[in-house]
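Just so you know, the protein sequences line up as chains A and B, in that order.
Under my numbering, think of the first position of the first sequence as 390, with each following residue one higher.
Under my numbering, think of the first position of the second sequence as 1460, with each following residue one higher.
Any given hint could be a false lead.
Capping the alpha-carbon separation at 27 angstroms, the derived lysine-lysine pairs in BS3-like fashion look like this [as the list claims (entries may be wrong)]:
#: 1; chain 1: A; residue 1: Lys749; chain 2: A; residue 2: Lys907
#: 2; chain 1: B; residue 1: Lys1644; chain 2: A; residue 2: Lys453
#: 3; chain 1: B; residue 1: Lys1916; chain 2: A; residue 2: Lys877
#: 4; chain 1: A; residue 1: Lys740; chain 2: B; residue 2: Lys1810
#: 5; chain 1: A; residue 1: Lys881; chain 2: B; residue 2: Lys1810
#: 6; chain 1: A; residue 1: Lys472; chain 2: B; residue 2: Lys1648
#: 7; chain 1: B; residue 1: Lys1810; chain 2: A; residue 2: Lys477
DEER-style ranges, computed between Cβ atoms [to be verified]:
#: 8; chain 1: A; residue 1: Lys907; chain 2: B; residue 2: Gln1502; range: 34 to 40 angstroms
#: 9; chain 1: B; residue 1: Glu1528; chain 2: A; residue 2: Met659; range: 55 to 61 angstroms
#: 10; chain 1: B; residue 1: Ser1787; chain 2: A; residue 2: Asp514; range: 58 to 64 angstroms
#: 11; chain 1: B; residue 1: Pro1917; chain 2: A; residue 2: Gly860; range: 30 to 36 angstroms
Because the hints were derived from the structure by calculation, they are not lab data.
Note that the structure is predicted; figures quoted are calculated from it, not measured.
Using N, Cα and C, we set each Cβ at its ideal position, and we do this for glycine too.
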Amino acid sequence: MHTTCMKRNRTLLLALFACLLAQPLFAQNALSIDKVYSVTLRNSGPVIENEEIKGYYFFYQSDKIDKRTNEYTLQLLDANLNKIKDIKFQDSKKISLLESSYNGTALVFMFYDEDQNLLDFRLYDMSGKQTYTYSKTLDKRSEAYFRNTPKLGNEEESQNGNVFDLEGKGFLSVMPLREGKNYTYEVNFYASDKRRSWTYNPIEDGKFTTAQYLGATDSIAVVEVLTKEKMLSKEMVSTLVGINLQNGRKAFEIPTENKGNKVYAMNISMLQTSSGFLVMGPYFDGGDRVLQDKSLGMAVWQMDNRGKILSSKYISWAGDVGKFLKTDQRGRVADIGYVYFHNLFQTEDGKIFAIGEGYKKTASALGITTTVLSAMAGGGAGGVSTAKMKVTDMVLLQLNDQYGLENATVYDKYNNNVELPSGSEFMTPHTLALLLKTYGSFDYSFTQMGKHKGSFMSGYTDFEKGKDYRGLTFNAISYNDGQITTDKINLKTKASTLRVLPAKPGAVLLLEYFKKDKRLDLRMEKLN
Amino acid sequence: MLPINQLLFVVCLLVAFSVSAQTPAPFIPLPTSAAQKQAFQLQTATRYEQDLAHLSGPYKKELSAIYKERHSLLEDRLSKDEVLCNEETQRYLTDLALPIFKNNPALRQEDVRLYFSRSFYANAESLGEGTILFNIGLFHRLQNEAQAAFVICHELAHYFLNHSADNIESYVKTVHSDAFQKELKGIQKSGYRQNSQLEALTKTLTFRSRRHSRSSEQAADSMALELLKNTPYDVAEALTCLQLLDSADRDKYNTPLALEQQFQFAAFPFKTRWLQSDELQFIKTENAKIAEEADSLKTHPDCAKRIAALTARVEQYKKPDAKKFLVSTQLFQNLIQQFDFEIIEHCYQSKQTSRALYFSLQLLPHYPNNAYLAATIGQCLNAFYTAQKAHELGTLTELPNAAFDANYNSLLQLIQNLRLPEISALAYHFLKERENNFNSDERFVNALIQSKLNFGKPEEAEHWKARYQQTFSKPHINQ
């Protein structure tokens, strides 16, 4: 009599095709439309604003136009998985969508065009209309980097690597560059309210320089710059560079050394009551090499927009963390080993949290056997190190609004053993941590912030070997209304593959792919 | 002899809301008649076998597959108790349709199985094999029996004009025709722009199918009026019925839910953040071409157009002694109110829990002293708590969606924003506030005990468990 159809969009199976066909298809012998129709999912990811998940994009190749050109469909879903927009366009068959970001008024999609070797930043307004496109031709080093970017799977999925939102203003991109023998970087700003952009290029000679975006205040963007004189040099200089958001000029450049301590800055956070910001990260002895030697603890600097350090606080493993957890003089926490910080952040109530994961070196039976057998056979060392790494438990440090350590908690999980390549036994703890990160051997998944940073959830996976349950689990450490809680979701599934993705505050998105049925199911789960 | 629960129901149906609409008798869900369910199953299975036996020609296999799927879907709906197999409502529906069959002897009543469906959607449907399902979600919005009779006539017209079977056959013949297959093979060989060609081909097919459906709707309206005019029912009610259908996408009780008031407690104040949503929203593009296309693809012509098409003949067929009610005004009104509650019960039982909570909250301001509504709201919140704890909340609630009513979306947003302890707190305070009023209602006390356990008040739960044992003769506490 009257048709009403209200169903949830949760399964993306040839999504475009399903939209078009209301009628069932039932040809067994004859050719049917679904046998001819094909769309390929090229990429998918979250749409992020201020570290909060606002929705998702799915990038399909929806048709072949000619030898060189494809038709693409960029499908946008909101945070509740409702389809909100299909954007169709034709482009080279060699483009890939790398990242997306949302700044409250506009969306940006960063495409890499392999044919023309350029990055395209395509901006859309909230009616889904394309407003501006900014293109950037890549040099050799950037080219190599972006060719490999789609294959990198171990980046934290709740954070972008290259494109960052500036609320209402536009987007910032931090890119590695190569100029002759020099490795350097470039910061680009792309406005979203009008066509305007600027580029910041550092002036440095004969150095190997990398830059990491830390965050922005309302007037400056802050990047951490690590510089070495030679490619293989172990000496690295760390500086903080502030860039004026209005004109792209350098506002300040200061070394990350203070009171005899070197800081490896990982994050900045806005202060609730002033225009300044906090810089947070592990710190090292002034004579040590940042990223080579063991860290002494965690540093918090309060800075102003001119780069002046107003105050600093150092939380040491031995002195401060030791009051809550048993630590030794080498900075190791009992039963856990060294701690690698994955993320540091400040919540709306002023508290600071650092989420880390333990790791320690142990002897490898496989490595020793291989070495002995190689020696007996008159050969050199085998391909496996005589040491292996054990990835241990999660650690959460909680600082009060005066940056004093309030609590340190260990969250047990099953240990993972990671065999190392030959020679790794001589590496320093921090280098080993970076190696583990590169291998994707840590269990930490991501941290997602709640609305207005009022809460957070840090997630990690574990493989339980218990009596009641044996299999993969996703574990959450959450902070809400001043309380830390934990939760666990068992991830046993009949799907061929399963991914846990960050979702809207208080939830995670489970993406299950059923290879046999060519079906992709999206399931939102609220966390407790 | 009728079982006690059925007897109770008959009594309730007759006297239920006669005193005052504000003080209805306790709601008792309509019992399912096992015999009737079995009969329905047998009749539909027999008809399915007959339909298969009559199939012939080159597309027999394809048609069989569709018929099989249709039959399986109906069996599934029956197994989930969506088909309302209840002797009293069935008797009423038969009585309602009787004047139609009696005054239109060309219609073979024995071919038709007319049943209520417990679905909340404002809809009715003719499945094409003789089954007509009249959703209680549509019935409870109607104003009189003549409107209901027009709905039945419309679905009978679909059936006797063979619309469903014709649609199926037409579709199968089209997609298996030489011309269509040739076109499809051509696209397959073309190498480029395959999908855009397929989309164009599919769109043509969909346009054709929908255009056919729209003309079927107009034909069904037209025949329905011809059937209705032969009965004592008032044909003018066909037009008022179509007017009602025009607003069927809106909720029956189209008033704000006022969640801030319903869940406001002195010991646990409502938090505005529970309703906040700042998710990514695109402004809907008002593209004329898209709008035009959407209209062309609509199965049903606009109700205004349908009304216009019938108005002249309605004027012509009007009779001064035409009736709005033939069976019973009282029974009709009682059913309307019974169905308000029955929809909630079915949503709750079929795990459409967010819908059950929504409809309960809509009704509560109308019946603030109704124990069933209070108990159901508590039960829904308890169920959310249990499901959320096991990370299965998605099995009981939908996610906010722009296609939903704004009222329903605000409730869905609340469910999404509530944290586990807050769900248990809401249930606890909501039920505690009413525990002295409804302590003689078994379902309410059951929900109350569960809420106290979930909220970490085991002593209070024990107290109410003891009272429960004393008060109810055959206790069956869920815990």
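Each hint, compared with the structure:
In summary, the hint linking Lys749/A to Lys907/A is not supported, as the alpha carbons are separated by about 41 angstroms, beyond the 27 angstroms threshold. Distance hint between Lys1644/B and Lys453/A is fulfilled; the C-alpha atoms sit about 17 angstroms from each other, no more than 27 angstroms. Under the criterion of a C-alpha separation no larger than 27 angstroms, the hint pairing Lys1916/B with Lys877/A is consistent with the structure, at around 25 angstroms. Distance check on the hinted pair: Lys740/A and Lys1810/B sit about 41 angstroms apart at the alpha-carbon level, beyond 27 angstroms; violated.
Restraint check for Lys881/A and Lys1810/B: the C-alpha separation of about 24 angstroms stays at or below 27 angstroms, so the hint holds. A C-alpha spacing of about 32 angstroms is found between Lys472/A and Lys1648/B, which places the hinted pair above 27 angstroms, so the restraint is violated. Restraint check for Lys1810/B and Lys477/A: not satisfied, since their Cα atoms lie roughly 38 angstroms apart, outside the 27 angstroms limit. About 39 angstroms separates the C-beta atoms of Lys907/A and Gln1502/B, a value consistent with the hinted range of 34 to 40 angstroms.
Restraint check, Glu1528/B to Met659/A: a C-beta distance of roughly 58 angstroms satisfies the suggested window 55 to 61 angstroms. Judged by the Cβ atoms, the range 58 to 64 angstroms given for Ser1787/B and Asp514/A holds: they are separated by roughly 59 angstroms. Range check, Pro1917/B to Gly860/A: about 33 angstroms between beta-carbon atoms, so the 30 to 36 angstroms window is met.
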